[in-house]
Each structure stands twice: as C-alpha cells, then as structure tokens.
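Visitor: What follows is the residue order along each chain.
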Amino acid sequence: DPKIIQKPKYLVAVTGSEKILICEQYLGHNAMYWYRQSAKKPLEFMFSYSYQKLMDNQTASSRFQPQSSKKNHLDLQITALKPDDSATYFCASSQDNREYAEQFFGPGTRLTVL
Amino acid sequence: SQWGEENLQALSIQEGEDVTMNCSYKTYTTVVHWYRQDSGRGPALIILIRSNEREKRSGRLRATLDTSSQSSSLSITAAQCEDTAVYFCATDEDSGGSNYKLTFGKGTLLTVTP
Numbered sequence: 022d023p024k025i026i027q028k029p030k031y032l033v034a035v036t037g038s039e040k041i042l043i044c045e046q047y048l049g050h051n052a053m054y055w056y057r058q059s060a061k062k063p064l065e066f067m068f069s070y071s072y073q074k075l076m077d078n079q080t081a082s083s084r085f086q087p088q089s090s091k092k093n094h095l096d097l098q099i100t101a102l103k104p105d106d107s108a109t110y111f112c113a114s115s116q117d118n119r120e121y122a123e124q125f126f127g128p129g130t131r132l133t134v135l
Numbered sequence: 034s035q036w037g038e039e040n041l042q043a044l045s046i047q048e049g050e051d052v053t054m055n056c057s058y059k060t061y062t063t064v065v066h067w068y069r070q071d072s073g074r075g076p077a078l079i080i081l082i083r084s085n086e087r088e089k090r091s092g093r094l095r096a097t098l099d100t101s102s103q104s105s106s107l108s109i110t111a112a113q114c115e116d117t118a119v120y121f122c123a124t125d126e127d128s129g130g131s132n133y134k135l136t137f138g139k140g141t142l143l144t145v146t147p
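Residue numbers (this note's numbering), protein chains in the order written: chain A, 22 to 135; chain B, 34 to 147.
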C-alpha cells in the first residue's frame, strides 16, 4: 500500500487559474514537506511543516500556500498559475524535522500550466 | 547553491561493471543523503552517510564522505539493469531554529545496459 499519496498524478491548468495539490501520509510522521522539480532546476525545497505548524518557507511567491487540515495532510494551493509553475511537485515526510531524518517522498503531481 | 554547478550528468555502463558518482558541496555539512529516482517516481533514500563515518556500505552500494574536500561519492558494484535511475546527493541544511531541509545536487542519470 502506498504510504504517501499524492493526488492527482497529472494536472493540466490554464494560466491564471487555481489548483490544489493533495498530499496524505500514512507513516505516522510529524513533519511534512513540499519540493518542486522542474526541467531547469534540481529538486528544490519549498515548505516544511512540523506538527501542522509552518517551520520554513523558501518560496518567494505568496501564490503558493500550504494547508494542513490534519496532522497527516499537507495540501498545496497554487493561485494565479503561470507557465513557469509547470513542474512536478513532491510531498515528503519524516518522523521529525531534525538533522539526519530520512525523508520519504510521494510519487509526485506533475503540473502543466498552459 | 549548496552544490557545485555541474549540470545533470549522464553515465552509461554495461551490466556487471562498477561505477562511481561524485558530488561536491560548498558549505559545511555533517551528513550526505544519497537518493535514487526512478522514472515517474519520487526520490527514495538509498544510503545516508554522516561525517564521522567516512565510508558506509549497503549491499552493492558504497558511499564515502570527505569533509576536508567537501565531497561525497556513491559507488555501485556489479551494476544491474535495475540500477538504471537518476542518483542525487543531498545535504541537510539548517534554515534556522534547527529546521532542516534537504538541498539536492543536480543528479547523475545512470543507464545500465545488458
């Protein structure tokens, strides 16, 4: 059974629209993260949450808003979508947000903005 | 960037050969994570090496970490076709208040042919 679920797997959106990327983890972890991977850049950290509290935000744009309704959920809302937002977005989790913690990654949501 | 500015590298070898992939990083770290990413999937941790270990083995994998030269390597012995993947090195970075994030290198695309 998949331990980290991301929905949808593929997403096509038009410029200016808004989308929500879903992430649920069933590992019992306390920390969750979002990363982005595009053709132009390596895997890039976006956000980290610990016990449903935002710990770090490395995303310059406020168009990206994480939402944690439950301890094992960390969704990502993206507003006013731009073609440059096209990328694969990975959710990850770890037992805690500490040094040496192993982060487990979900399968990703591939977003294409037209 | 935490990592050297090399582009995504590509290596192609035949089954049974040994291969070594290298990463160099710019700032101090006490741990290097090595991840592999299969096509269409999220990254998966394959080996984690701490600064006091210098070398770590896991099956056919061997990682080294040289903090004096700020470099790490991952070797695969007797590569098999199923080792075909992109391999990333990553470091833990404390973004303040002991909040850690992974910073990834650009990766090496390893192709193992029969």
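Worth double-checking, as some hints may not be accurate.
Said to hold, decoys possible - Here are the simulated lysine to any residue pairs, SDA-like style, with alpha carbons at most 25 Å apart:
hint, chain 1, residue 1, chain 2, residue 2
1, A, K91, A, L75
2, A, K28, A, S82
3, A, K62, B, T117
4, A, K61, B, K139
5, A, K62, B, K89
6, B, K59, A, K28
7, A, K30, B, L78
8, B, K139, A, S59
9, B, K89, B, E115
If you're looking for bench data, these hints aren't it; they were derived computationally from the structure.
Visitor: Each hint: holds or not?
Guide: Hint-by-hint comparison with the structure:
A hinted pair counts as satisfied when its Cα atoms are at most 25 Å apart, and A:K91 with A:L75 qualifies at roughly 13 Å. Of the supplied pair hints, the one linking A:K28 and A:S82 holds, its CA atoms being roughly 22 Å apart against a limit of 25 Å. Taking the CA atoms of A:K62 and B:T117, the gap is near 21 Å; set against the 25 Å cutoff, the hint holds. The straight-line distance between the Cα atoms of A:K61 and B:K139 is roughly 10 Å, inside the 25 Å bound, and the hint therefore holds.
Restraint check: the Cα-Cα separation between A:K62 and B:K89 comes to about 29 Å, which exceeds 25 Å; the hinted pair is violated. For a cut-off of 25 Å, the pair hint linking B:K59 to A:K28 is broken: about 36 Å separates their Cα positions. Restraint check: the Cα-Cα separation between A:K30 and B:L78 comes to about 21 Å, which is no more than 25 Å; the hinted pair holds. Taking the CA atoms of B:K139 and A:S59, the gap is near 11 Å; set against the 25 Å cutoff, the hint holds.
For a cut-off of 25 Å, the pair hint linking B:K89 to B:E115 stands: about 21 Å separates their Cα positions.
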